[in-house]
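Number of protein chains: 2
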Amino acid sequence: MTDTAAPRRGRGRRTRSESADTRARILAVAREEFSERGYEKTSVRGIAKAAGVDSALVHHYFGTKEQIFEAAVEVAFAPAFRARDTVVDGPLDGVGERLTRMIFGLWENPVTRAPLLAIVRSAVNNESAAAVFRKLISAQLLRRIVEQLDLPDADLRTELAAAQLVGVAMMRYVIKIEPIASADPEQIIARVAPVVQGHLTNP
Amino acid sequence: MTDTAAPRRGRGRRTRSESADTRARILAVAREEFSERGYEKTSVRGIAKAAGVDSALVHHYFGTKEQIFEAAVEVAFAPAFRARDTVVDGPLDGVGERLTRMIFGLWENPVTRAPLLAIVRSAVNNESAAAVFRKLISAQLLRRIVEQLDLPDADLRTELAAAQLVGVAMMRYVIKIEPIASADPEQIIARVAPVVQGHLTNP
Numbered sequence: 001m002t003d004t005a006a007p008r009r010g011r012g013r014r015t016r017s018e019s020a021d022t023r024a025r026i027l028a029v030a031r032e033e034f035s036e037r038g039y040e041k042t043s044v045r046g047i048a049k050a051a052g053v054d055s056a057l058v059h060h061y062f063g064t065k066e067q068i069f070e071a072a073v074e075v076a077f078a079p080a081f082r083a084r085d086t087v088v089d090g091p092l093d094g095v096g097e098r099l100t101r102m103i104f105g106l107w108e109n110p111v112t113r114a115p116l117l118a119i120v121r122s123a124v125n126n127e128s129a130a131a132v133f134r135k136l137i138s139a140q141l142l143r144r145i146v147e148q149l150d151l152p153d154a155d156l157r158t159e160l161a162a163a164q165l166v167g168v169a170m171m172r173y174v175i176k177i178e179p180i181a182s183a184d185p186e187q188i189i190a191r192v193a194p195v196v197q198g199h200l201t202n203p
Numbered sequence: 001m002t003d004t005a006a007p008r009r010g011r012g013r014r015t016r017s018e019s020a021d022t023r024a025r026i027l028a029v030a031r032e033e034f035s036e037r038g039y040e041k042t043s044v045r046g047i048a049k050a051a052g053v054d055s056a057l058v059h060h061y062f063g064t065k066e067q068i069f070e071a072a073v074e075v076a077f078a079p080a081f082r083a084r085d086t087v088v089d090g091p092l093d094g095v096g097e098r099l100t101r102m103i104f105g106l107w108e109n110p111v112t113r114a115p116l117l118a119i120v121r122s123a124v125n126n127e128s129a130a131a132v133f134r135k136l137i138s139a140q141l142l143r144r145i146v147e148q149l150d151l152p153d154a155d156l157r158t159e160l161a162a163a164q165l166v167g168v169a170m171m172r173y174v175i176k177i178e179p180i181a182s183a184d185p186e187q188i189i190a191r192v193a194p195v196v197q198g199h200l201t202n203p
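One line per chain: the protein sequences are A and B, in this order.
The opening position of the first sequence corresponds to residue 1 in UniProt numbering, with each subsequent residue numbered one higher.
The opening position of the second sequence corresponds to residue 1 in UniProt numbering, with each subsequent residue numbered one higher.
Bear in mind the hints are in silico, worked out from the structure with no lab data behind them.
Backbone N, C-alpha and C fix where the C-beta goes; we use that ideal spot for every residue, glycine too.
Some hints could be false.
Claimed, not checked - Sample of chain B residues at the chain A side, in silico, Cβ under 7 Å:
hint	residue
1	76
2	78
3	79
4	124
5	125
6	130
7	133
8	136
9	170
10	171
11	191
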């Protein structure tokens, strides 16, 4: 906003704005590189080169390769993590369906499906990427659901519910086994949502 | 048997036995290479070299790289595919628990866990390996269960049941999210088996 409204309002401000631009450009490039090549084949040098900066600057803004990956994944899933509030804040007896619909929404949308596929592929093949995946899934999504459940085994319940959703995503979007790969999403949601709900709240 | 009992009983027989040995050796090497490197990084040339034969001989016995992969996976899972008969042939109201126990047995056993991990990693990253995985899972396991269910949507039911098991395996053995990664298998089986049964037979 201040960029166009008041350019060159002093050297400090200008530099800060340029820094933000550079950081955003590096992050955009990193997202693309990780999506296309996966975690293992992506290098900090490659990201720096594609962004037209020095590797040291990439490290300066983000830290290690693992931390760049984490930042890239977080940006890609910002809309999902916002949707999460709607999932967890509603009535508990509908949380299974809300969660199932949110996850299907992410996978059915090509914009979010591509980075999701990239994360799954990276996490399955690389321990550092798996660690990022674990951290994000646990801290950003599952933890919030666990807090809503007033049950001693809420952690395990939440992970078993997530497992049903992860498994459907694997069979439908990654391995593509028929007929689940081509089935109407509503048909799958009708069968999966009660299972997710059951894992979370059944006695 | 004839190998030690009656050696050199004529040129034809001898050659056949030698061929079987060579074929078995190539297959053993292929299993190891695919397990260690994954599908993409394994080459027919590399398998041939490690087995001490010419690439043409590998192609002669097995065909394409995809077909070698299929043969290697089939050998690795021969015990599992035999256990499958026990799963599908028992009473239908216990099929969920029998299937869940069979799958957990495979993953908990280090001998079968390693090739399972290799297959999952390969299938997630490579379309040819995914095709082999689809074919094996569908033809060797799911198809047999579908035949037992006298229901119009038996295919989708079986795949949703499999999805719950695939998801638990992903979270516990591949991504290793806690507490599901360290939970007592019996605790997980107690929660997962009824879900698998429900997908298969609930009205």
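Hints versus structure:
1. 76: violated, 18 Å
2. 78: Violated, because the Cβ-Cβ distance from residue 78 (chain B) to chain A comes to roughly 22 Å (cut-off 7 Å).
3. 79: Since the shortest Cβ distance to chain A is 22 Å, the answer is violated.
4. 124: Holds, about 5 Å.
5. 125: holds, 6 Å
6. 130: At about 5 Å, which falls below the 7 Å cut-off, the nearest Cβ of chain A leaves the hint on residue 130 (chain B) intact, so it holds.
7. 133: OK, holds: residue 133 (chain B) within 7 Å of chain A, min 6 Å.
8. 136: At about 11 Å, which exceeds the 7 Å cut-off, the nearest Cβ of chain A leaves the hint on residue 136 (chain B) violated.
9. 170: Hint on residue 170 (chain B): holds, closest Cβ of chain A at ~5 Å, below 7 Å.
10. 171: Holds, because the Cβ-Cβ distance from residue 171 (chain B) to chain A comes to roughly 5 Å (cut-off 7 Å).
11. 191: holds, 6 Å
In summary, the numbered hints that this structure violates are 1, 2, 3, 8.
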